[in-house]
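Enquirer: Respectively, the protein sequence lines represent chains A and B.
Quick note on numbering: the numbering used here labels position 3 of the first sequence as 3, and the sequence is numbered without any gaps.
Quick note on numbering: the numbering used here labels position 179 of the second sequence as 179, and the sequence is numbered without any gaps.
No lab work stands behind these hints: they were computed from the structure.
It cannot be assumed that every hint is accurate.
List of simulated lysine to any residue pairs, SDA-like, C-alpha gap at most 25 Å [as the list claims (entries may be wrong)]:
no.	chain 1	residue 1	chain 2	residue 2
1	A	Lys262	B	Gly330
2	A	Lys38	A	Arg208
3	A	Lys186	B	Gln230
4	A	Lys262	B	Lys28
5	A	Lys384	B	Arg219
6	B	Lys13	A	Asp10
7	A	Lys384	B	Ala265
8	A	Lys262	B	Ser263
9	A	Lys384	B	Gln221
10	A	Lys115	A	Ser140
11	A	Lys310	A	Lys115
12	A	Lys38	A	Ala108
13	A	Lys186	A	Ser140
14	A	Lys384	B	Lys220
15	B	Lys13	A	Gln307
16	A	Lys186	B	Tyr229
17	A	Lys262	B	Asp8
18	A	Lys384	B	Val152
19	A	Lys170	A	Pro206
20	B	Lys220	A	Leu385
21	B	Lys59	B	Tyr38
22	B	Lys309	A	Gln285
23	A	Lys262	B	Ala259
24	B	Lys13	A	Ala108
25	B	Lys13	A	Met309
26	A	Lys186	A	Gly58
27	A	Lys384	B	Phe222
28	A	Lys172	A	Thr244
29	A	Lys310	B	Asp8
30	A	Lys172	A	Arg378
31	B	Lys28	B	His39
32	A	Lys186	A	Arg378
33	B	Lys13	A	Ser140
34	A	Lys310	B	Lys17
35	A	Lys384	B	Asp218
36	A	Lys310	B	Asp258
37	A	Lys384	B	Arg217
38	B	Lys220	A	Asp41
Nothing here was measured: the structure is a model prediction, and the numbers come from that model.
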Amino acid sequence: MALACAAFVDLTLSPTEQEFRDELRGWLAENHPGEEPKGDDAAFEFRRDWQRRLHQAGYAGLSWPREYGGRGATLIEQAIFGEELTRAKAPPAANVLGLAMGGPVVIAHGSDEQKERYLEPILSAEEIWCQGFSEPDSGSDLASLKTRAVKSNGEWVVSGQKVWTTFAHKAKWCMLVARTDPDVPKHQGLTYFLMDMQQDAVQIRPLRQITGEAEFNELFIEEARVPDENVVGGVGNGWAVAITTLMHERAGLGAGAAASVKIALGQLMELARERGVDGDPLIRQRIGQIYIEAEALRLNSWRGLTQIMKTGVPGPEGSLPKWQWGEVNQAMTELAMDIRGEEAPVRGSEWTYRFLRARANSIEGGTTEILKNIIAERVLGLPKLR
Amino acid sequence: MNFDFSDDQQAIKRTAKEMLAERFKLEKVRELAEAGEYHEEAWTEMCELGWAGIFIDDKHGGQGLGLVELAILCEELGYALAPVPFLSNAAAGLALQIAGTEEQRQRWLPGIASGEARGTLGLLRAGEAKLVPDAVGAEVIVLLTGDGAQVVEAANAEIEPLDVIDATRPYAAVRADGGDSLAGEGGDSPYRLATALAAELTGVAQRALEMAVEYARDRKQFGRPIGAYQAVSHRCAQMLLEVEGARSTSYYAAWCGDAEPESLALAGSMAKAYASDAGWRVTASALQVLGGIGFTWEHDLHFFLKRAKVDGVLYGTAEEYRDNVARLAGLSREPATA
């Protein structure tokens, strides 16, 4: 979507963008669902109900084209949406993966029948989606995955194992990448399926993480059945479809990330004042640096968005935010622990939880090492080793 | 929302890049640096193009443009490491433009805009400005103190040239009494010149990044380009991250200077703090990628390395600006005394 060149650099919002933001703020003020209840199931139903409300107001699937139930929101509007929801401390929608990834993938690669069948239930949160990509032996090297799908009597029989599957126990559909042809180079023998999670052949086991709870799951798939109509993008095209999914995953992280960093930073400064260390020169230097890096993250994102909107192609600054966000978040949570000293390791504080949870920020959604490889190879043009 | 330059600004950037690439091939930069000389002809040409007065009112002989345009030029000049007295002259011009009386402006700005009677600026601490670029040959010197600003005629100042590691620019220590006062502490000009300097550092770092990447692609060891090894390629990725961070924060500060001046103090502090570190870290990292050859006088990298180091402490250190960020971000008022 080409942008007419503005008369000058402009970091303020345009009238249309401001209108969008003001309308959203007003709606949020009136429709905020209140505090999320404790307990996994209660919290999930709370978020599902919240998503229904968002959908009625036309805010679910914001980035989707209007013809598929979305708003065709610009990248800036999507970023504003992420920021405003974070600022309002609103909960996320229940079907985040369906909204951010599943829907866009079906829109980009699906048949008309698939669009007809799958998109509306994503928006209404009637059908929850999860992602079946990573395997115990295939993380960064995703293309090496081994879950196998074999055609038999007109349908696909799937067996294998998946890991790091969020929402598996709530999901109806799994975005599953499996190997359909073991005799061609690894990237070419993959197919993207929509697998029904509600069959006995799919066993779900919670995956407990260092924070204590289990956001993720493992899937043990033993001869699950997937109808042929559930192939997305054609047999053997799984890698291209998977890449679309991953691109949307990374873009989705950008929207609210800078805003939530800013909020956490405010809390960190409050913590420093409470503990009486806000005059300590070393603490001031560390907080100052985190502040600057958080701003650099936000500004890089805006520059990146401008480039995409103008040219359709992200500039180098666009590949940096996810990497930077992990570093800033980790630096913040580490500083909070340092400020809290001996009370830091005691369970129960939000900071203690965040500190442990942040260790995954440099791994989930693409490890920092892989992101650096991408920057080195695709942005700087350095040669590959492997 | 459009975080990119306008067509006119892109044109200024393009023209500057082309002109500087033509005038200042690295052999020329080296030749001038080793002779301890400036390129007078190029300076005259730049002034004729309106660069020196780009942010100065047109009634005082300038182009009437803004901090964004100045930052664009500073970045390109840093990239080229052009041996001309541009930044110092701009620093004086900024202070006089923002905080000078009409009389002071009329007296000094035309000479600064035309380059014929250039100025410079120093930070006065305990009666001495320790590191003043281009003091010799300047007509007018602006001295910023913690709580005021003075403008003195160079003829009335004690100027002691220094032998500094950055051979691409002469520096001096300056002592002066009296002189005329400028309004306040020079208005917000300290943050404008911090932004200009951050932009220069961005250009310097960008050049070093390109040298490192080119080398990593061409240099072969163990049968392949060294850039294929992740220790090297990841180092380069880190360099890109820091260059882009310096760029984004500098451009933002420049925009604030023109469009949202109430945010300039914080934005300029962020830009100078970040760019001070990035300039040094990126050039030092580039030296590491270059290996042995990066340590030779014969390779051009050290000129960039040294400029980055000096710029990092010029007009305030990263630590000072970072503390300012903490203060302006609302942490609390002052650091505790030791």
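Enquirer: If you test the structure against every hint from before, which numbers come out violated?
Expert: 4, 7, 10, 11, 12, 17, 18, 21, 24, 26, 30, 33, 38
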